[in-house]
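Just so you know, the sequences run in chain order X and U.
Per the working numbering, residue 1 is the first one in the first sequence, and the count goes up by one each step.
Per the working numbering, residue 1001 is the first one in the second sequence, and the count goes up by one each step.
Check each hint, because a few of them may be wrong.
[As the list claims (entries may be wrong)] Only pairs whose alpha carbons sit at most 30 Å apart, straight line, appear in this in silico BS3-like list of lysine-lysine:
(1) U:Lys1206 / U:Lys1223
(2) U:Lys1223 / U:Lys1050
(3) U:Lys1050 / X:Lys136
(4) U:Lys1024 / X:Lys136
(5) U:Lys1223 / U:Lys1094
(6) U:Lys1094 / U:Lys1178
(7) U:Lys1178 / U:Lys1158
(8) X:Lys118 / U:Lys1022
(9) U:Lys1182 / U:Lys1050
I should point out that these hints are in silico values taken from the structure, not numbers from a laboratory.
Given next are the chains, with one letter for each unit.
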Amino acid sequence: MEIRLDAVRKVFNQGRPNEFCAIRGVSLRIEAERISCVKGASGSGKTTLLSMIGSLSRPTSGRIHLGDRLLSGLPERFLTDIRRHTFGFIFQRFNLIPGLSVLQNIILPAFPLAPSYKQLIENAHRLLEVYGLADKADSRVEWLSGGEAQRVAICRALINGPQILVADEPTANLDSEHSQRFMQQMAELQRAGKTVILASHDPLVYDNAEVDRIISLRDGLLEEG
Amino acid sequence: MSTLQRQRYLLDYSLSSLLRRKRKHLSLLFTYTLIIFLLASVMLFSNGLKGEVTHALAASPEIVLQRIEAGRHALIPADYLQRLGRLRGVSASKGRLWGYYFDSALQANYTLIASDEEQLSATEVILGSAVARMRGIGPGDFTSMRGADGNAYSFRVKSLLDSESELFSADLVLISPKAYRKLFAIDEGLFTDIVFTVRNSREVEKVAQKIVSRLPDTRPILKQEILSTYDAIFSWRQGILFVLLATSILAFVIFAWDRASGLSAEERREIGILKAIGWETSDILQMKFWEGGVISLLAFLCGYLLAYLHVFYTGAPLFEPVLKGWSVLYPNFMLTPSVDGLQLATLFLFTVFPYVVAIIFPIWQVAITDPDAVMR
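Please model the complete structure; the sequences and the hints are all you need to start from.
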C-alpha cells in the first residue's frame, strides 16, 4: 500500500512563544513492499515525519494518503483502527512495558481485537521462535539485552500482521553486529511483502544494501538525492 | 463473545498493572479501607442504636402519663385512673412503677421496673444480661441493693432477661411491685406513671388531648415523640462524628486524587505506548476503570466488613463514647447486627463513585492526546 504526503507541515506549540516548525512542507511518495529510509541529523524532523506517516500524530497542514484513503482528515477512532491493522511500530528505545514478561509485551497490541487466547499465544510463540527468543518468553523485559529487547519490539510490531512496519532509530541501542542482523530481518520482512519505513542517522542502516530508497531530511525539509 | 474476551484481556492487563505498582496501590488501598471503615462504623453504629430503639419501643404503650408538680415529675395517684373514666379508643391502661438505681460500686445506672407478669416474690429479681455480667452473677445467686431507708435488701436472681434488644434490656432489673415500693419508699396507691394502649395509632393525639383536659396537672408523652427524640439524638451525634471525620475524609480525597489521578511520567508514557500499538481511548479508559474498580470495591468490602465486626462484635470502642453519650454510667452491651440497604448504597455512591471519576478524568485527558505527544 503506497503512502503519499502532500505539502505536509507540523508545527509544535502553535501560537505560543516557543512555537517550532518541525516539518516544513514535505511532499513524497513511499512505495509499497520496499525498504525506505529517512536519514538526517538529530533534530531534522525524522521522528516527527515517521509519527505522522504512522498516524501517531496529525499534520498541522497538508495531506497524507494511505493508498486511496486520506489519513490526515480521519477522526481519532479511525486512525486507531488503521494503526492497529496496518502499522507495526518499533520505537527508538523499544518502548516495552517494564514489569511485564516478553510474552505479555508481545500480545498487548492484540488485546483490543480480542482474538482467542489460544490462537494469540500460538502466534506469539511462533514469532518468538522465528526471532530466537523462545526461551525468553517468561523473562521480564527489563532483564533483556539491547538486541533481545529490539527483537521483542519487532515481535510486538508483527503480532497483528501489519502491512507496514515503521522503525524509528532502530539501531540506536545496538552494536554493529546486531544492527546488521536487524537489517537482514527487515529485508526478510520486505521479501515477505511488508513495506518497511526506517528513520536513522546510522550509516549501517541508510547505506545498507537492503535499503531501496533513501529520503534525506534537513531542518524539516527534503533534500534531493 | 468478542466483547467478553476483550474485557477479559483488559481486566487481565489491569490486574498486572496493579501488581506492577504494588507500593502505590497498597498504600492507596490501606487509606481507602481506613476511611470506609471509619464512615461505615459511624453509620452502622448509629443505625444499630436507632434499630434498637425502634425494636424496643415497638411493644411499648402509645401514651405515658406523668404527673407534674411545680414543673417537675411527681408520683401519680392510682385514683387518676378512676378520675379519667372510660376513654374512647383506649384498650388498656395501668399504673407503672419504675426508676433508676445508681450502683456506686460499679459506677453504673440500672433501670428497675416493677413487674406483675413475672410473678416474682418480694425477694426475687430478674436481671438484664449486662447487669448480671457486671456483677458477675447468674440465676440462683444473690444480689443486694440499698433502699431509701438506708438498709441493704438482698434478692435472689430468679433468671436473666433474654431479649433481642440489648440496648433496653441490658440494664434492666425486674422486681416485684411490693419490693419496689419498699426499696424506694413509695406508698400504696401511688405510681411512677400511667400507661395507655391505644388501638388506632391515628387517635393517639386526640386521646392525649382528652387526658390533659380531664387531668390538667399531667403531661402525656407519646411513643412517637420518644422515637423522634432518639432519632434526633443519634442523628445529631452521627453528624458531630462526621464533622470530626471530615478532616480525614478531606485528606483522603486529596490523597486519592493525587494517587489516582497524578499520572507519573512512566504512566503517561505507558498510555502513549498502548495508544501507539493500537489501543483505543475507550480501551485505556476501560482498563483504568477496571483498575479503579478493583481497588475501590476491595477497599469498600474490606472497610465495611471491618466496620461490621468493629460495631457488632467488639462494641465499637472507637465511637461508643460519642454515639452512646451516657455510656459512662451505662452497662456494656452489644448491638443487634443490622445493615440498612439505603445507607450502604449511599456510602458506596459517595466513596466509590468519586474515586473512579478521580481516576478516569485525568487518564481521559492523556488518552485523547496524540500518542506521539504523550510519549515525547
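Cross-check of the supplied hints:
1. U:Lys1206 / U:Lys1223: Cα-Cα ~14 Å, so holds.
2. U:Lys1223 / U:Lys1050: The given pair, whose Cα atoms are some 14 Å apart, holds under the 30 Å limit.
3. U:Lys1050 / X:Lys136: Violated: U:Lys1050 and X:Lys136 sit about 63 Å apart, past 30 Å.
4. U:Lys1024 / X:Lys136: 29 Å, holds
5. U:Lys1223 / U:Lys1094: Distance of about 16 Å is within 30 Å: holds.
6. U:Lys1094 / U:Lys1178: Within the cut-off at roughly 16 Å; holds.
7. U:Lys1178 / U:Lys1158: 16 Å, holds
8. X:Lys118 / U:Lys1022: 29 Å, holds
9. U:Lys1182 / U:Lys1050: 35 Å, violated
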